[in-house]
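Engineer: Listed here are the chains, written in short residue letters.
2 protein chains.
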Amino acid sequence: MNPKTAAAVVAAAITLAPTAHADEGMWTLDNIPAAQLKSRYGFEATPEWLDHVRLSSVRFNDGGSGSFVSPDGLVLTNHHVALGQLQKVSSEKKDFVKDGFYARHREDELKCPDLELNQLVSMDNVTERVLSAIDRSMPDKEQNEQRKGAMAKIEKESTDQTGLRSDVIELYQGGEYWVYRYKKYTDIRLVMAPEQQAAFYGGDPDNFTFPRFDIDMAFFRVYEDGKPVHPKNFLKWSKAGAKENDLVFVTGHPGSTDRLRTVRQLEYQRDYYLPTFLRILNSRRRTFYAFSERGPEAARRAKDKIFGFENAIKAYTGELEGLKDPKLLGRLSQREKELRAALDKKPDLYKSYGKAWDRIAKAQNELIKRHEQVLYRRFFGSKLADFAKLIVLYVAEVEKPNDKRYEEFRESALESLNFRLFSPAPIYSDLEEYVIADILQEQLEILGAQDAHVKAALAGKSPKEVAHEIVSGTRLTDAAYRKELVKGGRTAVESATDPMIVWMRRLEGPYRELRKWYEDDIQAPESLEGNKIAKSRFALYGKSTYPDATFTLRLSYGRVAGYELGTTKIPAKTTFYGLYDRSASFDDQFPFNLPPLVAAARKKVDLTVPLNFVTTNDIIGGNSGSPVINRDGEYVGLIFDGNIQSLVWRYAYDDMQGRAVAVHSAGIVEALKRIYAMDALAAELTGR
Amino acid sequence: MNPKTAAAVVAAAITLAPTAHADEGMWTLDNIPAAQLKSRYGFEATPEWLDHVRLSSVRFNDGGSGSFVSPDGLVLTNHHVALGQLQKVSSEKKDFVKDGFYARHREDELKCPDLELNQLVSMDNVTERVLSAIDRSMPDKEQNEQRKGAMAKIEKESTDQTGLRSDVIELYQGGEYWVYRYKKYTDIRLVMAPEQQAAFYGGDPDNFTFPRFDIDMAFFRVYEDGKPVHPKNFLKWSKAGAKENDLVFVTGHPGSTDRLRTVRQLEYQRDYYLPTFLRILNSRRRTFYAFSERGPEAARRAKDKIFGFENAIKAYTGELEGLKDPKLLGRLSQREKELRAALDKKPDLYKSYGKAWDRIAKAQNELIKRHEQVLYRRFFGSKLADFAKLIVLYVAEVEKPNDKRYEEFRESALESLNFRLFSPAPIYSDLEEYVIADILQEQLEILGAQDAHVKAALAGKSPKEVAHEIVSGTRLTDAAYRKELVKGGRTAVESATDPMIVWMRRLEGPYRELRKWYEDDIQAPESLEGNKIAKSRFALYGKSTYPDATFTLRLSYGRVAGYELGTTKIPAKTTFYGLYDRSASFDDQFPFNLPPLVAAARKKVDLTVPLNFVTTNDIIGGNSGSPVINRDGEYVGLIFDGNIQSLVWRYAYDDMQGRAVAVHSAGIVEALKRIYAMDALAAELTGR
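Protein sequence lines correspond, in order, to chains A and B.
Under my numbering, the first residue of the first sequence carries the number -14, and numbering increases by one thereafter.
Under my numbering, the first residue of the second sequence carries the number -14, and numbering increases by one thereafter.
Treat the hints as calculated values from the structure; they're not laboratory data.
Errors might be hidden in some of the hints.
When chains are identical, the list treats them as one kind, so a pair holds in a single copy or across two.
When the alpha-carbon atoms are kept at most 20 Å apart in a straight line, the in silico SDA-like pairs for lysine to any residue are as follows [what the hints assert, rightly or not]:
(1) Lys299 - Gly27
(2) Lys374 - Leu406
(3) Lys228 - Pro576
(4) Lys23 - Ala381
(5) Lys228 - Asn578
(6) Lys330 - Gly48
(7) Lys169 - Glu469
(8) Lys288 - Glu493
(9) Lys389 - Leu22
(10) Lys658 - Asp80
(11) Lys340 - Asn129
(12) Lys588 - Phe407
(13) Lys169 - Gly211
Just so you know, these numbers come straight off a predicted model, no measurement behind them.
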């Protein structure tokens, strides 16, 4: 394609999808923006290049991304993606979170209790099969069940045929359906993780901030049959690393975005969901901090959850601030008006899709009535309550036909669910009792004593009494007992006298009632009408854009670039000089204190080496651990965050100030060699 | 005073002056907030302490502050305060601005062409004398002349009696008048200045920014009779330097604030003055940049002016942004309403002062009609036009009685004026011609060919023709000729054929007409009615507050403190680590490049040494070069900037984020010793 044609295509694309910004998009690998890449960066992504980056990428099934970085199955991700596993293999005596973990020999590599990695092996478009199973003349509820039934059936067939984990995923709000087939790896061993204070340097204040100075990395090795795998595809380490203005790619698994939501849905997020959820998260953070006061071991036990809450609070605060910006909602409102005006001019399309916005608005009005129940009846932060609920539902759901089950209990999901549910990772009863008591107290205060869930949960007792009774008497902390219950099925669960199970069975009725209402009255119209909006966009604009994020593999492109902030400039990268400056500037006070090994390496480190850098790549939560890849398919960086200005990307991308934040490949090697004395690991990466 | 009483006094002060914030105030030294200092910081400022810091402080008469820092008359100020002098002693061959200046022996110290320092020796309240000279039954215009006459008379008497420079200054918008008497020093020699790139590291982007990494210092030595003076009072160097949360003081000469202005006056600033002046400054910056393109010598000649324009643009932009914040104007509007409501309840006070706001509003309405003439008829950036105007007005004004003259030609001002006017500092004709042509073109475009000033200035020719004619033919570049003209008086000027003088005499008529209108119709009511507002505040709140800044000595207090910005934290200080980080982060690209000596010292400097720090002290332009002083009256820092959030302090102080920015005393010594090899100078400072 000559440049003029390419430019014309870009111009057309811009006209067709009027809100697209430079470098925008979390593209599925079947539909990369080839014309834009060609014209804007002179880059042509060959099928081989795409296969290479796809097969080098892995999904961390507990929420994150990563990639193969050596021929011996080494996988690199973020420390904060590895944190759950690090916590699980730590104990009161060995705190790998605080001190780091350093396997200098293969035999020291430590098996993770419940980590599953997925590699996307193949993908097929099954849109027609799913849509043809839906009878549009039926009520919404039936259509939703038909859709789910079709998806479950395709998944089962694919798993049976290939032996691969097969997920049918919905893209473009139901505009497309694909089956994604994954190779699963479950023998994952921890190789190296730095001190958490090095990975999360600057703590909560610096989270979502740039300039930044974090060595947020962790190395795992993938084993099969007791031996390291030798992946055909892995990312070679770049010698030069990334420089300002370089074109770079990110592969990974962005969790979710809301870029195709209606304005009315965003208003619900702004006025109800986010404020309420933030209140809950803040309250829960206080709970865990209060628990931490009990002593150093209590603080250690609460640490990863506090990290999770603070991270979520900052992220949701950023999103809420973004939504409160009248310019943003104005822009989206304008886009919606234009789409609806275009529909108005095409009577056929209008007839099929034109009422979708009003129906979604109606569902939002319904949702508002019970949104506090939806959010406050959950037990965020309690592992035991989560397990108890899963077990009680599990034994009932698996008795149903596959396509009638809650989606988390479909055949295709069970193996991963079992892996998580039967994990030997420790559960701390003191923490559980404290947290459950606190949650019950909050539910009582917010939902009131007459709420069906609260009534069942308390049964006339105080929150503290209930929490003590169910936690102190339960055997659910034992993975074997959880397995036994699931294996025993409905009979075992119904006859169980374990107080936690008995308690959860009382909650089952109110839970199922609320969930049915939510799925029928909210989720079904949202999904089906959202499908119509997506289809109307297809009909008018073609497949010139990308779907919302769905924790499935995506490719984004962008460039290494600083930005202007206020009246000054933010550089494209930071160096080790800056890490030591920030520590000295705050007199080494927490959370700006240097961990021991970083402090000790002060004179050994080459301070000019780049540490972190920023790019315009379109990412979001779930992309943590994603590789940053150069034109040659080499490894140049490790995504670990977005800056605060990128949080609004949940709703709309903008590259004025929003940036993805990554650890620089040179910084990774420098830290391995000079701070952590992991020379062999560095050599395995760089092939030198 | 016991703590309880102190607290009660503070509470009362807050009630009386409802808008006071913690650490607010540019206090005159006769009225420091003793009770607040005692209760908030447990500090008692003795008369000896106050005399010590006053007599250690000096004013740089070309706009800035400084202080004596050694028993041998060493004065420390900012590089950017010294910049004008550095430029004047530089030449095409010796560029002290770029390369720095380093006198390692007394005999190398370089005499400045026209630098005058003032030390405030004594001060007396003359309010009654000035106010009793004003006949309130007369029209505003007459009252204004009576006021000016009284001030001129007091100044003359004081100068005659003491031999000291004596200025009558107006405080509280005419609420008080004081005579300030200064010892003048005019033999000032340059001792040391670093490379400008070290002093102004980060350039325009980092100006008004923190974190910051600037070695913005310059040393002078004061001579009398060819020998260094030995001041009785100088600030001893602190061994410890300033730490976070330390109480610190700043003495210096804040230029001007508008904290007592009416909302209507601020609206004029927001809607007319600042936008127009910013347009002019931006246009002039373009002019000087365009001239710089001619080559390195042209760039050198234009450099200090460009610095001045960019500095002003950023400062005024910050002020304008502050005024556009509806919260700020809302707060000030509320304060005004409360004051007026309080007046309404006291018929006596209302009768005297109640109409002031309406009269000021009327003057603002008048001002709007001619505000473009007021701003665009000036010749910002041309030294020749400035000198020509001064000479033409000078010879006419001095023929009038002292109290009838324009204030800049009163007897008391003439000596300093002569010093400036007869300076041997070079004037660059190429630059002058270029700039005057550009200004004339702008005047023609904005004011129109029919404007009286434009008509007189062009006399039918083109801007370029006029500029070439008057600059190429003038002898005003020669200080001796300027002296000769002034000495020759009106006869010499009226018979002069120098084209620049002839040209300026054509402009004199329109100038005097506009100035008369401005003084009579705008300045007089603003001043007199402002006086009433100040008096009404006095009557209601007492002298519990401080006057607007007037480029006279003030004391501010505050503490060393970081702050929160967005969702992260800004430290209270930076270190040399950060300087090298910022350079490396930007790949040493301008304006983040290290100057040669700083780059060479990379391995010698102790990177942990504090470089810059921030305090809550209430400062503004004119405070540049001010010392930061600890409780013991020792030198701990050198004010050189305010952050961008402090620019709104022109209208209202707020310590949420606004901060004064200073060079740390330890950073100064580290730079002198390890970067600039000025060990003797460092030893003179520290006394070691």
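Engineer: Decide, hint by hint, whether the structure agrees.
Structural biologist: For each hint, the structure was consulted:
no., hint, result
1, Lys299 - Gly27, "neither (37 Å within a copy, 39 Å between copies)"
2, Lys374 - Leu406, "within (11 Å within a copy, 88 Å between copies)"
3, Lys228 - Pro576, "between (29 Å within a copy, 19 Å between copies)"
4, Lys23 - Ala381, "neither (53 Å within a copy, 72 Å between copies)"
5, Lys228 - Asn578, "between (29 Å within a copy, 17 Å between copies)"
6, Lys330 - Gly48, "neither (43 Å within a copy, 67 Å between copies)"
7, Lys169 - Glu469, "neither (25 Å within a copy, 94 Å between copies)"
8, Lys288 - Glu493, "neither (31 Å within a copy, 76 Å between copies)"
9, Lys389 - Leu22, "neither (43 Å within a copy, 74 Å between copies)"
10, Lys658 - Asp80, "neither (22 Å within a copy, 45 Å between copies)"
11, Lys340 - Asn129, "within (18 Å within a copy, 73 Å between copies)"
12, Lys588 - Phe407, "neither (46 Å within a copy, 56 Å between copies)"
13, Lys169 - Gly211, "within (15 Å within a copy, 87 Å between copies)"
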